[in-house]
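First to last, the protein sequences are chains W and X.
Mapping to my numbering: the first sequence position 173 is 173, numbers consecutive.
Mapping to my numbering: the second sequence position 15 is 15, numbers consecutive.
In case anyone wonders, no lab produced these hints; they're calculated from the structure.
The reader is advised that the hints may include incorrect statements.
Unchecked claim - Each computed DSS-like pair below joins lysine-lysine, with the alpha-carbon atoms no more than 25 Å apart:
{"#": "1", "chain 1": "W", "residue 1": "K87", "chain 2": "W", "residue 2": "K305"}
{"#": "2", "chain 1": "W", "residue 1": "K304", "chain 2": "X", "residue 2": "K40"}
{"#": "3", "chain 1": "X", "residue 1": "K9", "chain 2": "W", "residue 2": "K305"}
{"#": "4", "chain 1": "X", "residue 1": "K90", "chain 2": "X", "residue 2": "K12"}
{"#": "5", "chain 1": "X", "residue 1": "K3", "chain 2": "X", "residue 2": "K60"}
{"#": "6", "chain 1": "X", "residue 1": "K3", "chain 2": "X", "residue 2": "K90"}
{"#": "7", "chain 1": "X", "residue 1": "K34", "chain 2": "W", "residue 2": "K244"}
{"#": "8", "chain 1": "W", "residue 1": "K305", "chain 2": "X", "residue 2": "K34"}
{"#": "9", "chain 1": "X", "residue 1": "K107", "chain 2": "X", "residue 2": "K34"}
{"#": "10", "chain 1": "W", "residue 1": "K208", "chain 2": "W", "residue 2": "K392"}
{"#": "11", "chain 1": "X", "residue 1": "K40", "chain 2": "W", "residue 2": "K244"}
{"#": "12", "chain 1": "W", "residue 1": "K53", "chain 2": "W", "residue 2": "K119"}
{"#": "13", "chain 1": "W", "residue 1": "K305", "chain 2": "W", "residue 2": "K244"}
{"#": "14", "chain 1": "W", "residue 1": "K244", "chain 2": "W", "residue 2": "K119"}
{"#": "15", "chain 1": "X", "residue 1": "K2", "chain 2": "X", "residue 2": "K107"}
{"#": "16", "chain 1": "X", "residue 1": "K60", "chain 2": "X", "residue 2": "K40"}
{"#": "17", "chain 1": "X", "residue 1": "K12", "chain 2": "X", "residue 2": "K107"}
{"#": "18", "chain 1": "W", "residue 1": "K305", "chain 2": "X", "residue 2": "K40"}
{"#": "19", "chain 1": "X", "residue 1": "K82", "chain 2": "X", "residue 2": "K72"}
{"#": "20", "chain 1": "X", "residue 1": "K82", "chain 2": "X", "residue 2": "K107"}
{"#": "21", "chain 1": "W", "residue 1": "K244", "chain 2": "W", "residue 2": "K392"}
{"#": "22", "chain 1": "X", "residue 1": "K2", "chain 2": "X", "residue 2": "K90"}
{"#": "23", "chain 1": "X", "residue 1": "K34", "chain 2": "W", "residue 2": "K87"}
{"#": "24", "chain 1": "X", "residue 1": "K34", "chain 2": "W", "residue 2": "K452"}
{"#": "25", "chain 1": "W", "residue 1": "K88", "chain 2": "X", "residue 2": "K34"}
{"#": "26", "chain 1": "X", "residue 1": "K9", "chain 2": "X", "residue 2": "K40"}
{"#": "27", "chain 1": "X", "residue 1": "K80", "chain 2": "X", "residue 2": "K107"}
Treat the numbers as computed from the prediction; the structure is a model and nothing was measured.
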Amino acid sequence: MKKLYILTIFLLLIFSGFAIAEEVATPPSPSSVEQASPAQPVPPELATKEEPKIDTGDTAWMIVATAFVMLMTLPGLALFYGGLAKKKDTLNTMAMSFVTYCIVSFLWIIYGFSLTFGKDIGGIIGSTEKLFLSGVGVNSINDLAKTIPEYIYIVYQLTFAAITVALASGAYIERMKFSAWVLFTILWMTLVYIPVAHWVWGGGFLAKLGALDFAGGTVVHINAGIAALMGALVLGKRREASLKPSNLTLVVTGAGLLWFGWFGFNAGSAVAANGLAGAAFINTNTATAMAAISWMFTEWMHTKKPTVLGLASGAVAGLVAITPAAGFVNIKGAIIIGLLAGIIPYFAVATIKPKLGYDDSLDAFGIHGVGGILGAILTGVFADPSINELGKGLLFGNPGQMLTQIIAVIVTIAYSAIMTLIIFIIVKVIIGVRVDIEHEITGLDESQHGEKAYSL
Amino acid sequence: MKKVEAIIKPFKLDEVKDALNSIGINGMTITEVKGFGRQKGHVEVYRGAEYEISFIPKIKIEVVVPDSIIDKVINTIMEKAKTGNIGDGKIFIYSLEDVIRIRTGDKGESAI
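Next comes chain W alone, as it looks inside the complex:
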């Protein structure tokens, strides 16, 4: 009876949502399309041929957006993951995000940016022309971001690389050696993130194929989600393989900061302060709210309680799923993507994971991998050319787009899975990946760092 009641509220909410969506979805005036500047995934040859000129409005927004995305890793993800970890492993979990942000910040300047966004070599990798940022100065402008200083574009892209690596840590916590994580960060950023980001955004072969990925569903979330799964398989189960959050208030704080920072991630991926950024902004907020609600109701029916962790998890799943679609779909698409993002990842986490038995500690695969795949494919369905002329999905008469999306997803999954495995084997041979059992039981805060998260 109670179940029926919850279901009714849920359905009412959805239908009222759609009634509104119908009104909003009326075709916008064509002029708004012309204003849309190229989104991140556009290969240089497709970008509008404009004389590069720094725009102060775009520059101001992109500086802020870059800082927003930085906030997602530190403290956003650190709090989200740290609060979910057990009391004895909280600090170590936070340290994984922290150190990754620092390492990637450094390596990105040395070679990351150049190999990702340098001149394309055979569709596979960028050139070495910008190693140590050589040739970049205060007046430089990148071909992929023609209205902002190149320095800002470099840092903006850096924050994406950092959070991608950090996301994978969620599957490894409470048992991985900190030294192994440091080495993994260096290898994975170099051998997995850089090539995949180049393929999709740097003018590589997936960009040429026409795969749509507005803000990083494939590059960031599928990539990190698959790495999470493969790593969890190599690491094996924790001795106490259960989710016992040490501090859910930190999780809520972290989820809020992720949501906030994600506006920089998605709306910032327009690389301009324009209408397309606005569309990405509203799509992001809508899908996230919908996913939080649909996760909550799904859980309410499935396990009888609407948990706060459920709201936070649903919000993150929604953010993940709308990421590739943010600058392509209309508001109706955003609502549906959000709705599904609260349901499918929920069952991936609550039902499929226990059945298959892998120990993805904080569901980095269940939320980012599954949510990312969902978002990438649905982008091929809902991409609306009146929002962004570069994307035309199944519902707008272009069924081929979905196929392209699926190819991009499969390529990313295959590459990320194989390379992550190889990297884990290298790390295992060099320093080992797991702490010994005694340290695992005492907790990684003490054994890895000689500290305690709480001395209350």
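For this one, chain W is given, so just place chain X on it according to the hints.
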């Protein structure tokens, strides 16, 4: 002299404390404790996975009283801590050999 140790539901603490004060009990020690009895534990659910939490939070009150008012104290605690549901708690009573006030060296009932 008797030592009374009562395990009660946490939300009943204020009522029990005030009632004991009003019958002349001027000191007590309380501890936040965890345990289980017939009430058993409870279930927590995180992302669909259920965990049985066997120890649930209770409050332990310790008071030392003269033999003359022991019945009054027990009745007061029973009356105030009772909800009628499983999990209301228990009262343990011990005989007490002596009490010493550290500051003055007083002994026995005058030191309570």
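*Which numbered hints fail*: 9, 14, 17, 20, 21 and 27
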